[in-house]
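With these hints in hand, go ahead and build the complete structure from the sequences.
There are 2 protein chains.
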Amino acid sequence: MNQKTAIPKGTRDFGPVPMMRRNYIFNTIRSVFELYGYQPIETPAMETLETLTGKYGDESDKLIFKILNSGDFAGGMDPDLLSRWINESEKSAEISRQIIPLITEKALRYDLTVPFARFVVQHRDEISFPFKRYQIQPVWRADRPQKGRYREFYQCDVDVIGSDSLLNEAELIRMIDEVFRRLGIPATIKINNRKILAGLAEAVGMGEHFQEMTLILDKLDKISPSDLKEEWIGKGFPEAAFTCLWPVISHKGTDVEKMHKASDFLVSSETGRLGIEEIQTLLKLISSFDLKATVELDLSLARGLNYYTGAIIEVKADRISMGSICGGGRYDDLTGIFGMPGISGVGVSFGADRIYDVLDQTGSFPEVTRTTTQVLFLNFKNPDPSEYLPFAEKIRQAGLRTEIFPDAIKIRKQLQYADNNHIPFVIMIGDEEWLKSTATIKNMLTGNQETVPLAGLTEHLCHLIG
Amino acid sequence: MNQKTAIPKGTRDFGPVPMMRRNYIFNTIRSVFELYGYQPIETPAMETLETLTGKYGDESDKLIFKILNSGDFAGGMDPDLLSRWINESEKSAEISRQIIPLITEKALRYDLTVPFARFVVQHRDEISFPFKRYQIQPVWRADRPQKGRYREFYQCDVDVIGSDSLLNEAELIRMIDEVFRRLGIPATIKINNRKILAGLAEAVGMGEHFQEMTLILDKLDKISPSDLKEEWIGKGFPEAAFTCLWPVISHKGTDVEKMHKASDFLVSSETGRLGIEEIQTLLKLISSFDLKATVELDLSLARGLNYYTGAIIEVKADRISMGSICGGGRYDDLTGIFGMPGISGVGVSFGADRIYDVLDQTGSFPEVTRTTTQVLFLNFKNPDPSEYLPFAEKIRQAGLRTEIFPDAIKIRKQLQYADNNHIPFVIMIGDEEWLKSTATIKNMLTGNQETVPLAGLTEHLCHLIG
Chain P
0 MNQKTAIPKG
10 TRDFGPVPMM
20 RRNYIFNTIR
30 SVFELYGYQP
40 IETPAMETLE
50 TLTGKYGDES
60 DKLIFKILNS
70 GDFAGGMDPD
80 LLSRWINESE
90 KSAEISRQII
100 PLITEKALRY
110 DLTVPFARFV
120 VQHRDEISFP
130 FKRYQIQPVW
140 RADRPQKGRY
150 REFYQCDVDV
160 IGSDSLLNEA
170 ELIRMIDEVF
180 RRLGIPATIK
190 INNRKILAGL
200 AEAVGMGEHF
210 QEMTLILDKL
220 DKISPSDLKE
230 EWIGKGFPEA
240 AFTCLWPVIS
250 HKGTDVEKMH
260 KASDFLVSSE
270 TGRLGIEEIQ
280 TLLKLISSFD
290 LKATVELDLS
300 LARGLNYYTG
310 AIIEVKADRI
320 SMGSICGGGR
330 YDDLTGIFGM
340 PGISGVGVSF
350 GADRIYDVLD
360 QTGSFPEVTR
370 TTTQVLFLNF
380 KNPDPSEYLP
390 FAEKIRQAGL
400 RTEIFPDAIK
410 IRKQLQYADN
420 NHIPFVIMIG
430 DEEWLKSTAT
440 IKNMLTGNQE
450 TVPLAGLTEH
460 LCHLIG
Chain G
0 MNQKTAIPKG
10 TRDFGPVPMM
20 RRNYIFNTIR
30 SVFELYGYQP
40 IETPAMETLE
50 TLTGKYGDES
60 DKLIFKILNS
70 GDFAGGMDPD
80 LLSRWINESE
90 KSAEISRQII
100 PLITEKALRY
110 DLTVPFARFV
120 VQHRDEISFP
130 FKRYQIQPVW
140 RADRPQKGRY
150 REFYQCDVDV
160 IGSDSLLNEA
170 ELIRMIDEVF
180 RRLGIPATIK
190 INNRKILAGL
200 AEAVGMGEHF
210 QEMTLILDKL
220 DKISPSDLKE
230 EWIGKGFPEA
240 AFTCLWPVIS
250 HKGTDVEKMH
260 KASDFLVSSE
270 TGRLGIEEIQ
280 TLLKLISSFD
290 LKATVELDLS
300 LARGLNYYTG
310 AIIEVKADRI
320 SMGSICGGGR
330 YDDLTGIFGM
340 PGISGVGVSF
350 GADRIYDVLD
360 QTGSFPEVTR
370 TTTQVLFLNF
380 KNPDPSEYLP
390 FAEKIRQAGL
400 RTEIFPDAIK
410 IRKQLQYADN
420 NHIPFVIMIG
430 DEEWLKSTAT
440 IKNMLTGNQE
450 TVPLAGLTEH
460 LCHLIG
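Those sequence lines, one after another, are chains P and G.
When the letters of the first sequence are read in order and numbered with numbering that gives the first Met the number 0, they come out as residues 0 to 465.
When the letters of the second sequence are read in order and numbered with numbering that gives the first Met the number 0, they come out as residues 0 to 465.
To be clear, the hints were calculated from the coordinates, so they are not data collected in a lab.
Treat the hints with care, as some may be off.
Any copy, or any two copies together, can satisfy a pair, since identical chains are not distinguished.
[Stated by the list, open to error] In silico DSS-like pairs for lysine-lysine, Cα to Cα no more than 30 Å straight-line: (1) Lys218 x Lys251; (2) Lys218 x Lys61; (3) Lys189 x Lys146; (4) Lys291 x Lys380; (5) Lys409 x Lys283; (6) Lys260 x Lys291; (7) Lys283 x Lys393; (8) Lys61 x Lys8; (9) Lys412 x Lys221; (10) Lys189 x Lys393; (11) Lys189 x Lys260; (12) Lys54 x Lys8; (13) Lys283 x Lys380; (14) Lys228 x Lys251; (15) Lys3 x Lys54; (16) Lys228 x Lys54.
Please read all numbers here as calculations on a predicted model, not as lab measurements.
This is how it looks when you write it as structure tokens:
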């Protein structure tokens, strides 16, 4: 009868302390989103297979978790197909691929971007544009699990769609700054513009291979420049183009110097010049903010996603080696695939798991994220806890989170419980206290004890806890 | 290229207003849970098929959404099985049933109770018992969608496990009272005890059919007493037993009268007498609370779930016809199936969707749940919004949720946007205001306008918004 207890690989349970820490991160992000006028939405965990497939590329499509049709799904399978497989004329992997659409019609969302695009198109008549939304929900990917990579993880997306004003980019950068300021994470916000990259690609004769070029550049985070060059050449791209491009995109200097360097290259590219203009406007806008984070133009920043068309943004925590903790950009046609073309939008996504790891590794979680209960009444059996229930109620009415230990077990064990759960104050009402209408308050951190009249217990605790 | 936009049947998108209302419900419930010392946990959306199957009964097992194995799942199918199906010696429905374990090993959770039991056993060494946890997460069921029944919906569960004290039941009832008090929903909390029901079953010679009896009684909500009797007889149970039982469980009167009526029946049943004792203790405990909700002993309350062994609880909203909005009870061996027997627990689950419907139908949502943004700056093109960005920032630093309309479109349309999004205050800084260093504040509810010095704008808004 006994079963093993295990959860699917790549997934996680979150106990109370991790939950409180995660909620601290989500609440911080959420409050900044709302401070800048973004509104919450949620979409279903499942989308139709049609909505999700063909949006992320073939490799990623394989990583989408499909949901088996309910009931008699076998009725949808193709007997002819199966016969060919049984008779080994076809490989099962190929059969698997062909069977999928016959036995599944739903899948778990892979990110929040495609469901958001679907949402906007489906609800276009109810939405007042520009639509400023945020969405904090889990996504699922059948990736190979490894350190820091999970099959279920939260994304925190914030997007404005239906406005091409650069004010939006500027405010998003200010919001990123505010989130990491509140979380106490020193951060560098790297920005670039895909139009500049497109112009540079044109200038070195790589205009037709722009998307592939950005995919290669996107790896600069993980591989060395010489490996990057090797990959470039390996793809069959001319070495000369790389030699030409590299000094521009890797130029060290001020943002102004980098723009000059790029501008020299972009005289003949209208797109490229527009990109430079956009960056200049954006830098001017954010100069009016008193940012704590460093903002830095990085002409090698590419972002691997095809739908970006303007500003791109990537954020790294300073002084710690970790992938990007936030990223995003401007897209001009995300909803086009669902029949609503030409709606420009811009957004960023915060990586809650990586932010958690940064706070954890730098010991930066505030102490308060380890505590739910503030007050615990020990249970001495005599008097019966029902006697002082009304006092506990009064403390709760004052807003203090309060427990009564339900069972009259050994006091040592009850104190151990308080310790394990990081409960700061313990109330002891034994026979003696009860006779005198008093209560003893024990500060679990300092070990100090004081005895106060029961009638003044709530006020005293409020004073202690503040 | 254009795709239809649709979501799987039985699932829902939540736009900003429903989201804010749902968050109002979740936050109210969560704050009461925490006030009584319950701690948050979360478990993965997916559990192993082994964890979920066989826990809910055969009918429910069919309603569990299974996840297709990634990659070459066809490799796991049984060619012999498929041959038999292709040659039509077996029906595809039967084949479907047999194929499931070959091509799926994970499924979406069906409730929060089984994952909680699995969590407790898996993390027993990290947990300090009694473990007071709450969990607010969606669950998925392949039920036929209908009004008020969805394939994805949230459950809000709160349980304490590892304590058999009736203090827990009492506090849960107080918490239910507090949740509905805060939400402004007049409610009746019906209680009963499965030990009393078990005793009554013994007394009328139905001891061996206790579980089936509770399943029939559980329908009393949906069908009339005469239909109930018909079903009873239809199951082959003696009519005499029903005739004997019915006057006891349907007795109208005070709780004390009901207990007397039942006690007369239970003289020879130890279990039954224990049930009466427990109810008496529980009623005494909750009498010390100043409850707003009505608590009522209902001897016909059965709850359809087999694992309940003591107190059972079900809550209905008064003055509105709606299924139960909260329910739960005491269980003595939930973790037994995972190899940790004899751990008693008690908990209840709040139905967020039904609570939403009650608040919606009675017009009881507070106005504040329709608003995110409090202040909107209109965009007159001149002065350029970048000029007054620092003023908007100052308002945000004061904690007011503020937007700047990003595009200089027609003012009429910008005001429409404010209206549609229920934004209460609009700031107008046109050429004239800018020259005079003033701003005009428009109250969107009253239409009133006033012009104030830019330097005092934040203070003025704080004063208006409070």
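Which hint numbers does the structure go against, in order from smallest to largest? Violated hint: only 9; rest satisfied.
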